[in-house]
Amino acid sequence: MSEDSSAKQGIAAVTSMTAAIVMVTVGVIQLFQGIAAVAENEMFVVGVEYIYKFDLSAWGWIHIVLGVLVIVVGLALLTGAGWARMAAIVIGALVILANFLWLPYYPWWSILIIALSVVVIWAVSTWHTTPSESHAHVR
Numbered sequence: 001m002s003e004d005s006s007a008k009q010g011i012a013a014v015t016s017m018t019a020a021i022v023m024v025t026v027g028v029i030q031l032f033q034g035i036a037a038v039a040e041n042e043m044f045v046v047g048v049e050y051i052y053k054f055d056l057s058a059w060g061w062i063h064i065v066l067g068v069l070v071i072v073v074g075l076a077l078l079t080g081a082g083w084a085r086m087a088a089i090v091i092g093a094l095v096i097l098a099n100f101l102w103l104p105y106y107p108w109w110s111i112l113i114i115a116l117s118v119v120v121i122w123a124v125s126t127w128h129t130t131p132s133e134s135h136a137h138v139r
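Its first residue numbered 1, the sequence shown is counted upward by one per residue in UniProt numbering.
Worth double-checking, as some hints may not be accurate.
[Said to hold, decoys possible] Computed Cβ-Cβ distance ranges for the label pairs, DEER-style:
| id | residue 1 | residue 2 | range |
| --- | --- | --- | --- |
| 1 | GLU40 | ALA81 | 29 to 37 angstroms |
| 2 | PRO104 | THR18 | 12 to 20 angstroms |
| 3 | VAL90 | ALA115 | 28 to 36 angstroms |
| 4 | SER57 | GLY80 | 32 to 40 angstroms |
| 5 | TRP83 | PRO104 | 28 to 36 angstroms |
| 6 | ASP55 | GLY82 | 36 to 44 angstroms |
| 7 | ASP55 | PHE32 | 16 to 24 angstroms |
| 8 | TRP61 | TRP83 | 20 to 28 angstroms |
| 9 | GLY10 | LEU103 | 33 to 41 angstroms |
| 10 | PRO104 | PHE32 | 15 to 23 angstroms |
| 11 | ALA7 | PRO104 | 42 to 50 angstroms |
| 12 | VAL65 | THR18 | 36 to 44 angstroms |
If you are wondering where the hints come from, they were derived from the structure by calculation, not from laboratory data.
We treat Cβ as the ideally placed atom computed from N, Cα and C, and that holds for glycine.
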C-alpha cells in the first residue's frame, strides 16, 4: 500500500467516524427534543401557522422515533456496517424534512439539526471505500 493510499484511507476513516459521531449526536438531540415535546406541551411556542401543523405530542413521537433510528444507524456506521452508509443518507434526509416541518415550534434547534444532518450526508456520501471494501461482498 502506497503512502498516498494510506493517507486517503486515513481521511476516509476520519470522515466516516466524524459522520457517525455527529449522527449519534443528532439522534440524541432528536430524542430529547421529542421527549420534551411529549412531556411538556407548554414548553414550545408556535409562531406562524403552517399548513402541515401536527399535534405537539405527535411531533414529539416523530422526533423520538427518528432519534432512535439515527442513533442506531450512527452506531452501525461506527462499526463499519456496509448498509449504514445508505441508511445514514436516507435517515439524514428524513431528519432534515422533519426538522424543516418542525421550524415553527423550535426554529434554532431545527436549523442546528438540519445543518448537522447536511454535514452527515455530505461526509457519508463523499467517503470513498477502498477496492477491497467495495468488493468485499463479492467474495
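Task: Enumerated hints in conflict with the structure, sorted upward - done: Violated hints (numbers, rising): 2, 3 and 12; every other hint is consistent with the structure.
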